[in-house]
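Whenever a hint applies, use it, and build me the whole structure from the sequences.
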Amino acid sequence: MVNPSKWQAIKKGASWQIQTRDSKTVAVIENGKEAEEYAKLIAASPYLLEALKAMVELIGDEDLPDNGELSGAAICDMARSAITLVG
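Letter by letter, the sequence shown follows residues 718 to 804 in this note's numbering.
Worth flagging that the hints you see were computed from the coordinates, not collected in a lab.
Here a beta-carbon is modelled for each residue, glycine too, at the ideal position from N, C-alpha and C.
There may be inaccurate statements among the hints.
[Unchecked claim] Mimicking DSSO-like on lysine-lysine, the simulated pairs with C-alpha atoms at most 30 Å apart in a straight line are:
#	residue 1	residue 2
1	K770	K741
2	K728	K750
3	K723	K757
4	K770	K757
5	K741	K729
6	K741	K757
7	K728	K757
8	K729	K757
9	K750	K729
10	K728	K741
11	K723	K770
12	K750	K723
13	K723	K741
[Said to hold, decoys possible] What follows is a set of in silico ranges between Cβ atoms, one per label pair, in the way DEER data are often shown:
#	residue 1	residue 2	range
14	I800	K741	22 to 30 Å
15	L766	S788	43 to 51 Å
16	L787	K723	29 to 37 Å
17	L802	E779	21 to 29 Å
Below you can see the structure in the form of structure tokens.
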């Protein structure tokens, strides 16, 4: 799968670097048990934020309906809160 994000996770020696498309390093994750997963999550974060903002914009001021298992309002609140965490 092609990475649609603006950043990518690259293994460099004993660590992972998160780099922009023009090879600028924005973060380094030292090698550890979950280093690869963390690096990939950070690399995907610009794309994930765009997707979350689009979802919230699509929903508008309404909340998603409950499906009997999940609270639509709680999910919408989580999405809106996550967006405010990054400014």
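Hint check results:
no. : hint                      : result
1   : K770 <-> K741             : holds, 25 Å
2   : K728 <-> K750             : holds, 14 Å
3   : K723 <-> K757             : holds, 12 Å
4   : K770 <-> K757             : holds, 20 Å
5   : K741 <-> K729             : holds, 14 Å
6   : K741 <-> K757             : holds, 16 Å
7   : K728 <-> K757             : holds, 10 Å
8   : K729 <-> K757             : holds, 14 Å
9   : K750 <-> K729             : holds, 16 Å
10  : K728 <-> K741             : holds, 14 Å
11  : K723 <-> K770             : holds, 16 Å
12  : K750 <-> K723             : holds, 25 Å
13  : K723 <-> K741             : holds, 11 Å
14  : I800 <-> K741: 22 to 30 Å : holds, 25 Å
15  : L766 <-> S788: 43 to 51 Å : violated, 23 Å
16  : L787 <-> K723: 29 to 37 Å : holds, 30 Å
17  : L802 <-> E779: 21 to 29 Å : holds, 22 Å
Violated hints amount to a single one, hint 15; each of the other numbered hints is respected by the structure.
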